[in-house]
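> Listed here are the chains, written in short residue letters.
Number of protein chains: 2
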Amino acid sequence: MTEVHVLGTGMVPFRKYPDKTLADIGWPALREAMLEAGVRGADINAVYCGTALGGMLAGQRVTKVLGLSGMPIINVENACSSSSSALAQAWMAIKSGACDIVAVIGVEKLTKFGGGTLPLEKEDWEVNQGMVMPALYAMRANRYMHEYGLTDRQLAQVSVKAHDHGALNPNAQIQKRVTLEEVMTSRPVAEPFTLWHCCPTGDGAAALIIGSPAAARRLGRGSVRITASEVTSGKYTNGYRDMTYPELTVRGAHEAYEMAGLGPDEIDVAEIHDAFTIAELMYYEAFGFCERGAAYQLLDSGATSLGGRVPVNPSGGLLSRGHPVGATGAVQAVEIVRQLEGRIGAHQVENAKVGLTHATGGGVAGYDHGACSIHVFTT
Amino acid sequence: MTEVHVLGTGMVPFRKYPDKTLADIGWPALREAMLEAGVRGADINAVYCGTALGGMLAGQRVTKVLGLSGMPIINVENACSSSSSALAQAWMAIKSGACDIVAVIGVEKLTKFGGGTLPLEKEDWEVNQGMVMPALYAMRANRYMHEYGLTDRQLAQVSVKAHDHGALNPNAQIQKRVTLEEVMTSRPVAEPFTLWHCCPTGDGAAALIIGSPAAARRLGRGSVRITASEVTSGKYTNGYRDMTYPELTVRGAHEAYEMAGLGPDEIDVAEIHDAFTIAELMYYEAFGFCERGAAYQLLDSGATSLGGRVPVNPSGGLLSRGHPVGATGAVQAVEIVRQLEGRIGAHQVENAKVGLTHATGGGVAGYDHGACSIHVFTT
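Chains V and Y, in that order, are what the protein sequence lines are. Using our numbering, the final residue of the first sequence is 359, and nothing's skipped along the way. Using our numbering, the final residue of the second sequence is 359, and nothing's skipped along the way.
Next comes chain V alone, as it looks inside the complex (with noise of 0.2 Å):
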């Protein structure tokens, strides 16, 4: 099978947007990528649009705009991992032979569910339990605490850094800093969460452009490459499941890193979904950044800053450049692209040769009928 290499990337400042549509918030992203590539609609063989909650045929409304048409428009929904998951079909793709070159968008407007909870799956009677993601979260962190010793002022440590990352990042839908104090006497979400414990809701879109050897030639691109691709599901066990160790990605991140031939010491820098704090600290572990348990060491070390040994959500992450749900992993996959080519601006992290992106969602604990994606960029 071929290579795949990345064209062009696009995104908007992840915001508010209610009185955009969702096409509106999306073609910018897509225009920017094809811009990037040099390409026209005509070139792209495929596209494949993330959505969570864009409502039907999100992928043609946002092409339809920019005047593209004739060509296969695939809508992909995978919660948290829809864009991710549409990279890796568009991904399959390429790599099969069957396309050239081929569209990804990630899109979302949270802000029409009038802020606050997503409309979640009724049907599934944990959501309806009061198990929506901060509860879920929530009490990993606890056990987490409970295992481990961590305090709630180490936990607080991940949205500070979050935060100190995404001031940097003019795409950020939160461009400010925050305090320990801040972060603990926020109001209160789900103990130990307060306010700055959570990703934000709000509305984006990212799109790249991606393509076979023989079009990255032809274009004079592609200096980065997908060298993994990975969608996983959760796994069932009966009995006791320990909520501090996320199988799934443990799982994902494995298969990825044997894909792309590489381990955890390579990563130069990371995008993870640190919907909430304790997200970040259990995924350091499920990466192998660390050891199990010594997550807020590795945090406390420096090593996941900017400057540090293997940066992780220098983009601000979910904490502080937003999570509109379907855009989350195209964006992801944006700043790791420009990170490796060095034009990412201030939040750069540099000479960094080898990136991944991490988009997980859905299921009690990150079990159960749940998504993860994983991809790894080599220059």
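What the hints contain is simulated information worked out from the structure, not anything from laboratory work. Misleading hints may appear alongside valid ones.
To be verified - Calculated pairs, EDC-like style, for lysine to aspartate or glutamate (alpha carbon to alpha carbon, straight line, at most 16 Å):
{"no.": "1", "chain 1": "Y", "residue 1": "92", "chain 2": "V", "residue 2": "144"}
{"no.": "2", "chain 1": "V", "residue 1": "92", "chain 2": "V", "residue 2": "162"}
{"no.": "3", "chain 1": "Y", "residue 1": "0", "chain 2": "V", "residue 2": "238"}
{"no.": "4", "chain 1": "Y", "residue 1": "102", "chain 2": "V", "residue 2": "321"}
{"no.": "5", "chain 1": "V", "residue 1": "156", "chain 2": "V", "residue 2": "171"}
{"no.": "6", "chain 1": "V", "residue 1": "102", "chain 2": "Y", "residue 2": "4"}
Claimed, not checked - A few chain V residues that face chain Y, going by a derived Cβ cut-off under 10 Å, partial list only:
{"no.": "7", "residue": "-19"}
{"no.": "8", "residue": "-17"}
{"no.": "9", "residue": "54"}
{"no.": "10", "residue": "58"}
{"no.": "11", "residue": "210"}
{"no.": "12", "residue": "353"}
Stated by the list, open to error - Take a look, some chain V residues computed to stay more than 10 Å from chain Y by CB distance:
{"no.": "13", "residue": "40"}
{"no.": "14", "residue": "73"}
{"no.": "15", "residue": "126"}
Note that this is a predicted model, so its numbers are computed, not measured. Ideal Cβ placement from N, Cα and C applies to all residues, glycine included.
Based on these hints, arrange chain Y on the given structure of chain V.
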């Protein structure tokens, strides 16, 4: 690239299931397909689930009931083509060699919307102006009647044929014949359509297990192959558009015939998108079963009825078997596979060797931001 075999099929009778969850509608179809194929969950490398309005992580919710876990599960949305687009993605996964055995699910529960008009996208200005599906197809019908002298009475004949077929299909939502008089005097919906010119809303699910030649040999299954798999989107044209000419389907049919290496004369049976009576007539022409303007003559000759040269919608089609949006593409495939295997029962087409399915949706006049998916099946 390799060939793609159908290893198993499943469906639930199309009905209204207001008291069942989406998952409970879906899992029996998947289970039946798995039992037919003789595969367990661990044999399935990936799952593609098509749903238009089923909400987040529909595929995960359906597979969870059967304990399937740990594989990639991708949810695909493309309005009426949702599960045929899912089938196309699954087909690519096998075709490319990426997967050995893949499950495809189509599932929808329209009764959750309480009947009547579906929640179309308010952002679409054409929808906002009242251009919902019955209105759109009614405009097409009026134009077709004007152009070709088709009469109300002739148009109603499509519904009579559909219900003649559906009355033979125990899985059809409406298993009752209707007379020409009943069609013409049922309550008006959008001129020239009365109620019996329109497909019902309802619930349903269908599933397929598809696989590589190696999987087919191993399981002793797979006499039917999928020899073409096509997804297209609408093209934009300025100025006059001929509403009697479904360019999207014409182009898709052309590409599908080319991929399968055959033409309309070789099609023995077809399940096409007769959401409204006029649709069936227009699509006869789009698939080359007759010349433009000659669709009624083809119908009237009996060629497209059971026992005719190319029976169309022996299942009853959308008009009689029903149209739970996201389930339609998958159920069409199940129907055609069972036809080619000669085991479908009272609505069997004798000696059918080649069949096709066609699901198309979205967009004004089928030109704009729509999706059309066509598959060819060969013994």
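> Now tell me if each hint is right for this structure.
Tested hints:
no., hint, result
1, Y:92 with V:144, "45 Å, violated"
2, V:92 with V:162, "29 Å, violated"
3, Y:0 with V:238, "42 Å, violated"
4, Y:102 with V:321, "40 Å, violated"
5, V:156 with V:171, "24 Å, violated"
6, V:102 with Y:4, "14 Å, holds"
7, -19, "8 Å, holds"
8, -17, "15 Å, violated"
9, 54, "6 Å, holds"
10, 58, "6 Å, holds"
11, 210, "8 Å, holds"
12, 353, "9 Å, holds"
13, 40, "3 Å, violated"
14, 73, "7 Å, violated"
15, 126, "27 Å, holds"
Violated hints for the displayed structure, listed by number in ascending order: 1, 2, 3, 4, 5, 8, 13, 14.
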